[in-house]
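Given these sequences and hints, build the entire structure.
Residues in the sequence shown are numbered consecutively from 433, following the working numbering.
Check before you lean on any hint, since a few could be wrong.
In silico EDC-like links for lysine to aspartate or glutamate, alpha-carbon gap of 20 Å or less [as the list claims (entries may be wrong)]:
no.: 1; residue 1: K450; residue 2: E550
no.: 2; residue 1: K503; residue 2: E475
no.: 3; residue 1: K498; residue 2: E511
no.: 4; residue 1: K496; residue 2: E475
no.: 5; residue 1: K503; residue 2: E536
no.: 6; residue 1: K540; residue 2: E447
no.: 7; residue 1: K498; residue 2: E536
no.: 8; residue 1: K503; residue 2: E550
no.: 9; residue 1: K496; residue 2: E447
no.: 10; residue 1: K485; residue 2: E536
Computed spacing ranges between beta-carbons, pair by pair [what the hints assert, rightly or not]:
no.: 11; residue 1: D444; residue 2: E536; range: 13 to 21 Å
no.: 12; residue 1: R486; residue 2: R562; range: 31 to 39 Å
no.: 13; residue 1: K532; residue 2: P443; range: 14 to 22 Å
Rather than coming from a laboratory, the hints here were simulated on the basis of the structure. Backbone N, C-alpha and C define an ideal beta-carbon position, used for all residues, glycine too.
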Amino acid sequence: MSIQTIITADPDGQELVKQAELLGNSLVRGNVTRSQMRSIFSEARQIEASWGKRNTALRLSMLKPKLAYQKARQNRDSEQAFGGLVSDLSAGIDVVLDPKVSVEERDKRFTKLMNYFEAVLAYHRAAGGR
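Listed below in C-alpha coordinates is the structure:
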(Lines of atoms letter the chains of each structure in order from A and count residues from 1; the text may use other names and numbers.)
(Lines give C-alpha, C1' and ligand atoms only; values in the text may rest on other atoms or scores of the structure.)
Protein backbone atom coordinates (compact mmCIF):
# COMPACT_ATOMS: atom_id res chain seq x y z
CA MET A 1 0.00 0.00 0.00
CA SER A 2 1.32 3.45 -0.83
CA ILE A 3 2.12 6.06 1.77
CA GLN A 4 -0.41 8.35 0.09
CA THR A 5 -3.17 5.83 0.75
CA ILE A 6 -1.99 5.31 4.31
CA ILE A 7 -2.06 9.05 5.00
CA THR A 8 -5.30 9.87 3.19
CA ALA A 9 -7.47 6.75 3.28
CA ASP A 10 -6.62 4.60 6.29
CA PRO A 11 -8.96 5.84 9.02
CA ASP A 12 -8.30 3.08 11.54
CA GLY A 13 -4.53 2.99 10.98
CA GLN A 14 -4.34 -0.75 10.29
CA GLU A 15 -2.48 -0.33 7.02
CA LEU A 16 -0.18 2.22 8.63
CA VAL A 17 0.78 -0.35 11.26
CA LYS A 18 1.29 -3.14 8.70
CA GLN A 19 3.46 -1.01 6.43
CA ALA A 20 5.46 0.38 9.38
CA GLU A 21 6.19 -3.15 10.59
CA LEU A 22 7.37 -4.22 7.14
CA LEU A 23 9.63 -1.19 6.80
CA GLY A 24 10.94 -1.44 10.38
CA ASN A 25 11.91 -5.07 9.80
CA SER A 26 13.50 -4.19 6.46
CA LEU A 27 15.60 -1.51 8.15
CA VAL A 28 16.87 -4.06 10.67
CA ARG A 29 17.73 -6.56 7.91
CA GLY A 30 19.57 -3.76 6.11
CA ASN A 31 21.60 -3.00 9.26
CA VAL A 32 20.26 0.54 9.52
CA THR A 33 20.89 1.86 13.03
CA ARG A 34 18.77 4.16 15.15
CA SER A 35 21.51 6.75 15.11
CA GLN A 36 21.29 6.84 11.32
CA MET A 37 17.61 7.77 11.62
CA ARG A 38 17.90 9.94 14.73
CA SER A 39 18.77 13.26 13.07
CA ILE A 40 15.84 12.96 10.67
CA PHE A 41 13.42 12.02 13.43
CA SER A 42 14.75 14.80 15.66
CA GLU A 43 14.16 17.38 12.93
CA ALA A 44 10.68 15.97 12.30
CA ARG A 45 9.89 16.30 16.02
CA GLN A 46 11.03 19.93 16.00
CA ILE A 47 8.77 20.61 13.05
CA GLU A 48 5.92 18.86 14.86
CA ALA A 49 6.47 21.03 17.95
CA SER A 50 6.14 24.19 15.89
CA TRP A 51 3.53 22.89 13.43
CA GLY A 52 1.15 25.59 12.24
CA LYS A 53 3.59 28.40 12.90
CA ARG A 54 5.54 30.35 10.36
CA ASN A 55 7.90 28.45 8.04
CA THR A 56 6.93 24.96 9.20
CA ALA A 57 5.85 23.95 5.70
CA LEU A 58 9.22 25.14 4.39
CA ARG A 59 11.04 23.22 7.12
CA LEU A 60 9.07 20.11 6.25
CA SER A 61 9.95 20.54 2.56
CA MET A 62 13.61 20.92 3.49
CA LEU A 63 13.50 17.56 5.23
CA LYS A 64 13.49 15.91 1.78
CA PRO A 65 17.07 16.99 0.90
CA LYS A 66 18.21 15.89 4.35
CA LEU A 67 16.66 12.49 3.72
CA ALA A 68 18.46 12.24 0.37
CA TYR A 69 21.74 13.20 2.03
CA GLN A 70 21.32 10.59 4.75
CA LYS A 71 20.56 7.96 2.12
CA ALA A 72 23.71 8.87 0.20
CA ARG A 73 25.76 8.41 3.37
CA GLN A 74 24.62 4.81 3.85
CA ASN A 75 26.88 1.89 3.10
CA ARG A 76 25.90 -0.62 0.44
CA ASP A 77 24.15 -2.93 2.88
CA SER A 78 21.88 -0.31 4.38
CA GLU A 79 21.36 1.95 1.35
CA GLN A 80 18.49 -0.06 -0.11
CA ALA A 81 16.68 -0.47 3.22
CA PHE A 82 17.19 3.18 4.12
CA GLY A 83 15.96 4.05 0.64
CA GLY A 84 12.57 2.59 1.58
CA LEU A 85 12.32 4.98 4.51
CA VAL A 86 13.44 7.92 2.37
CA SER A 87 10.95 7.03 -0.33
CA ASP A 88 8.03 6.74 2.08
CA LEU A 89 8.84 9.89 4.03
CA SER A 90 9.51 11.97 0.90
CA ALA A 91 6.25 10.86 -0.68
CA GLY A 92 4.48 11.47 2.64
CA ILE A 93 5.83 15.01 2.79
CA ASP A 94 4.43 15.63 -0.69
CA VAL A 95 1.02 14.34 0.43
CA VAL A 96 1.05 16.56 3.52
CA LEU A 97 2.06 19.66 1.59
CA ASP A 98 -0.48 19.21 -1.22
CA PRO A 99 -1.60 22.81 -1.92
CA LYS A 100 -5.11 21.66 -2.82
CA VAL A 101 -6.01 20.57 0.72
CA SER A 102 -7.33 22.65 3.60
CA VAL A 103 -5.25 23.58 6.62
CA GLU A 104 -7.26 21.13 8.72
CA GLU A 105 -6.60 18.30 6.27
CA ARG A 106 -2.92 19.22 6.15
CA ASP A 107 -2.79 18.99 9.94
CA LYS A 108 -4.41 15.54 9.89
CA ARG A 109 -2.03 14.36 7.21
CA PHE A 110 1.01 15.62 9.08
CA THR A 111 -0.13 13.83 12.23
CA LYS A 112 -0.57 10.61 10.25
CA LEU A 113 2.90 10.96 8.72
CA MET A 114 4.43 11.43 12.16
CA ASN A 115 2.50 8.42 13.46
CA TYR A 116 3.92 6.37 10.60
CA PHE A 117 7.49 7.51 11.27
CA GLU A 118 7.12 6.73 14.99
CA ALA A 119 5.68 3.29 14.22
CA VAL A 120 8.56 2.50 11.85
CA LEU A 121 11.06 3.40 14.58
CA ALA A 122 9.16 1.33 17.15
CA TYR A 123 9.08 -1.73 14.90
CA HIS A 124 12.75 -1.23 14.05
CA ARG A 125 13.58 -1.34 17.75
CA ALA A 126 11.22 -4.26 18.44
CA ALA A 127 12.88 -6.28 15.67
CA GLY A 128 16.26 -5.85 17.31
CA GLY A 129 17.44 -2.70 15.58
CA ARG A 130 20.53 -1.29 17.17
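For each hint, the structure was consulted:
no. : hint                      : result
1   : K450 <-> E550             : holds, 13 Å
2   : K503 <-> E475             : holds, 16 Å
3   : K498 <-> E511             : holds, 15 Å
4   : K496 <-> E475             : holds, 11 Å
5   : K503 <-> E536             : violated, 31 Å
6   : K540 <-> E447             : holds, 16 Å
7   : K498 <-> E536             : violated, 26 Å
8   : K503 <-> E550             : holds, 19 Å
9   : K496 <-> E447             : violated, 23 Å
10  : K485 <-> E536             : holds, 14 Å
11  : D444 <-> E536: 13 to 21 Å : holds, 20 Å
12  : R486 <-> R562: 31 to 39 Å : holds, 38 Å
13  : K532 <-> P443: 14 to 22 Å : holds, 20 Å
Consistency note: the structure conflicts with the earlier hints numbered 5, 7 and 9.
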